[in-house]
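Participant: Below, each chain spelled out in residue letters.
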Amino acid sequence: MDNTTHDYLTQSDAVKARFDKLKQREVILEVKGLNKVYKSAQGETTALSNVSFKTHRREFVCVIGPSGCGKSTLIRILAGLESYSGGQVLLDGKPVTGPGRDRGMVFQGYTLFPWLTVRKNVMFGLEMNGMSGEEARREADLWLELVGLERFASAYPHQLSGGMKQRVAIARALVNQPRILLMDEPFGALDAQTRCKMQAHLLDIWRNVDVTILFITHDLDEAILLADRILVLKANPGEVQELIEVPVPRPRSVDQLFTPEFIATKARLEALIHPPTAVASDEAETVKPHMIRFTNVADNVE
Amino acid sequence: METTAWFAARQELPPNRRKLLAIGSFVLPILIWCLVSYVPFLWHPMVRISDPGAVDYFQADMLVDKAVFKAELETMQAQGGALPVGGLSNPIYLPPPHKVAEAFYTGFTTPPASKDGLWLHQSLWQSIQVIFWGFLLSSLVAVPLGVLAGTYSAVSRLFEPFIEFFRYLPAPAFGALAVAVLGIYEGPKIAIIFIGTFFQQVLIISNTTRKLDYALLEAALTLGTSRLKLLRHVVIPGILPDLYRDQRILLGWAWTYLIVAELIGTSSGITWFITQQARYEHFENVYAAILMIGIIGLGTDLVLAKLGKRLFPWDKPANKQ
Ligand SMILES: Nc1ncnc2c1ncn2[C@@H]1O[C@H](COP(=O)(O)OP(=O)(O)OP(=O)(O)O)[C@@H](O)[C@H]1O
Ligand SMILES: [Mg+2]
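Which chain is which? The protein sequence lines are F and W, in order. For the first sequence, the positions run 1 to 302 when this note's numbering is used. For the second sequence, the positions run 1 to 321 when this note's numbering is used.
The shape of chain W in the complex, shown without the other chains (with noise of 0.2 Å):
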């Protein structure tokens, strides 16, 4: 019998159907695109040149618009020309699943168009090292900050006024300020990761600080704890897998600052190789390559979501499976 609805508040599902949603999730839009690309008449707007026929500006190959191709060809018909043939074709920028799969593998295969160009794991790693540095950077200052923030009211009261402004600029705004400061290799695209994740770094851990039950900090002092001691035997452990997991959406929030950042100064990383495959219309490539980005962000959230249930084996949210 079954006992649990699809639809019942806050309530979970067993785990076979869990994981059956958790697979629907990708296949779902998987699915999508395979009909899109696959099932001709859905959409298929344009019509892919096999043969030009008469019609001089056609070429094999050549991708056209469906009522063009048919205006041509009634024209040829009208005039007795040869005749263009065609089959039906959906635009450039969206390529089938099987392109993109196929340039999934190819681009770790193909070596550099250039000599001083880089192969895709390299630009990969190039990217992820941005990230790593922006993040760490960012968290280095931001975690204790924000930490302090939420335990003294003095310190939440002269610097959240300031951070609260300040967050509302958009960290692509200091590109230009930090190639003049920083030149045009590393340094500016790490300070764009930091800019756009320090600031909400600060408030959000400041605000979790703030949400650890008083009470424990009560319990602590009729213990006998003097009240420096507060910040390192309750406050911090307290909170810590509530910041861990900030952390964790936090460093999603620095991956979305990545191809700004990239694209400041010499463009680099992942950016430049999909900046480089869009102008050669190698919309496969660009495709995989973002696809890399969400398999590379994901995953380690994934990593860091397991160690987290090692790390605190105390923490009932993330034990609730």
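Looking at chain F on its own, in the form it has when it is part of the complex (with noise of 0.2 Å):
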């Protein structure tokens, strides 16, 4: 136990030297003191409770926490989507008032506009933002080929499958080069297999773009893949645990998911997240189903 509650804090050297130099960058997103109160009509919710926390120009962010620990609130938060009941905010050192292009966000619900085809989604950002429609045709289709999906610029979203119409939401955010990509549980939606294809074709992306992602996700494996450093949140309120640097070294793929780093740092989050005494304790959380036999007692299955 005491051996890999240690291990996931060592880092060889060049995971060492990589997280010095990712400290070297700019600041792109600052968090400081975070509050969120949810007020309604069966009373207050404290969604988020100082939440503090900085992400560096072309950070890997991921945030994981417990069902309901204000994961969602947090990034619509940053994307300008929800307001905030105190603390800070800041993009590049500026306060952010409401929704912008500089930070593009990928919705769980893929969210793509389903009068419009797959190229005039992507192009939709930029023609907002008063490009002339050849130049920004020109440029979808750069970001279409980024994504695999050039075949399909003229196919409407009801055609597509769900990890293609996640990928046109990337293509779709990216193209407005955003300093920040917001991605709420983006593959959460999608089978084992896709999941894993779009996971590797995320990093892909994130290599050749000039963009910081925070990435939200329930599932602990995808957060330790991705991710530079993982925000540990806790519920009620939602609150920092713990921000966690991923000793697991780069370039990362599946092949990685047994190695002693990726075990340790797994084994630390199931702890955090799962903490043992909490489960007992919180007995109203835990259900304790009351078993009755429904079948024949001869009719056994083990």
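Careful, some of the hints might be misleading.
[Claimed, not checked] With a straight-line Cα cutoff of 30 Å, these simulated BS3-like cross-link-like pairs (lysine-lysine) come out: (1) LYS211/W to LYS120/F; (2) LYS211/W to LYS39/F; (3) LYS306/W to LYS120/F.
The set of hints was computed from the structure by calculation and includes no laboratory data.
Both chains come to you apart, so use the hints to assemble them.
Facilitator: Take a look at the structure:
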């Protein structure tokens, strides 16, 4: 136990050098003492309490935490879609006041415009910001090629699979060349195999594009596979538990799933998100069904 | 092997069954009508006199109740007078299908009874114009207002409560008022169609607008769309297929106000034709005219549905066959 809890903090020289270099880069996003209280008829819910962290340029940050800990709330505040009750959100040192093209967002539910073709979807942001049609088209085609969907440029979103839709959504967000790409469980609705491909694909994109990524997930493997650092939140109220530097070296691949660094990091995340003591004490949350046998006693499956 | 059952909840049937049922939905009522018309003893409560015999008030081609005929027949038998002769018949208000089909054709070939009267197709054209203008004027105001109310809470809060109230007022109630204001010709008729359509239209369209997935607006915002541009670039294109469907339903609605509208002021259009024919008990003409309204209504809707498929290739419900 002692061994594994320490392991995730031990970094190889190469990894350490990477983190040192990363921290030299300028800060893109700074969140200081962020608070969010939802007021509703049932009373007040503190979704976020005193959340602070910094993200450097071209860093890949994952946010992880139990359901209802305020991950979506956090990312929506960063996108400017939700107001906040206290604290500060600074992008390049300037406070965030509303949605803007400097922060791209990819939603879990795709949210492609169904009336536009794939190409027009990608062109949307450019045209809204005054780029001429011809130029926007050329630009869009470039990004479609990057996500490997140039063949589907004139298809409508309803003709695409989930994974393809999400690739269009990524291209649509990136075409605006945002400072940061915010992704709220983007692969949550995909099957395991597609998700795996999309993870590799996203890493590819991230390697080739000057963009910082803040990625929400509840899948521990996904977080470790993708992230430089993992922001672990706890629920009720949503607070930062730890900001973990992932010791798994890059380039990443699924082959690293069973390396000691990976296992150690995962063990740490497990411990933070499903603490063994908390489960026992949290009586209301645990389901203790009273098992009744609905089958014939002789008809045993085990 | 049959893979789909006839009754599987929310499951589409194979094309041949769909076609069969669609044809059946028209053939069945016609079949019932034929049975009632052509098979005696199924209904036929009247007797059509062919020879009045000695009954003094009977005339050839007169329709009398079966019981009356029987009573008179027995009286004549008892008195030993000439017996009346007649065949079973349906009441005058239920002409057989072939009579109506004939009237359908002769309606267009018979010149108007009076000099200043109108041919049937002219009457129909009058009606279509009333519907067209009433629906167009209503749409010109209601569609923008509905979209704005569905998009901006302020517009909705300002207009919808009053509209909710007004839509319960029956449109024909404004007939006399409309005549006083707009005269006796087309004006008040168009006004009734307008009143009958407008208030529902605003509410239905604002509701449709509100159903647009808000996440689409959020996505547009994060792509740098200004709040002012949202309406034109997201809300309107987003609701267009549903708006179009609403308009189709509302157009059908407008037709149902036609007869009441055309009775206001000087009776006109197809209504004038129907009331005239009913007055002379030419019920086959009345049925033919009613059928024409149905055919024009259904025909326009089918054309609009086809057009909608062309206009909105991304619209799933419309293209799901
Ligand atoms: N619009 C709202 N009004 C009131 N309370 C809200 C609202 N949105 C979220 N909350 C509350 O805020 C808390 C955080 O919600 P949030 O959606 O951010 O969680 P999450 O971490 O994204 O959860 P999940 O992993 O299930 O997506 C929850 O307790 C939720 O009930
Ligand atoms: Mg969430």
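Participant: The structure should be examined with respect to each hint, and the outcome stated for every one.
Facilitator: Now the hints, each set against the structure:
1. Restraint check for LYS211/W and LYS120/F: the C-alpha separation of about 23 Å stays at or below 30 Å, so the hint holds.
2. For the proposed pair LYS211/W and LYS39/F, the alpha carbon gap of about 24 Å is at most 30 Å, so the pair holds.
3. In summary, the hint linking LYS306/W to LYS120/F is supported, as the alpha carbons are separated by about 25 Å, within the 30 Å threshold.
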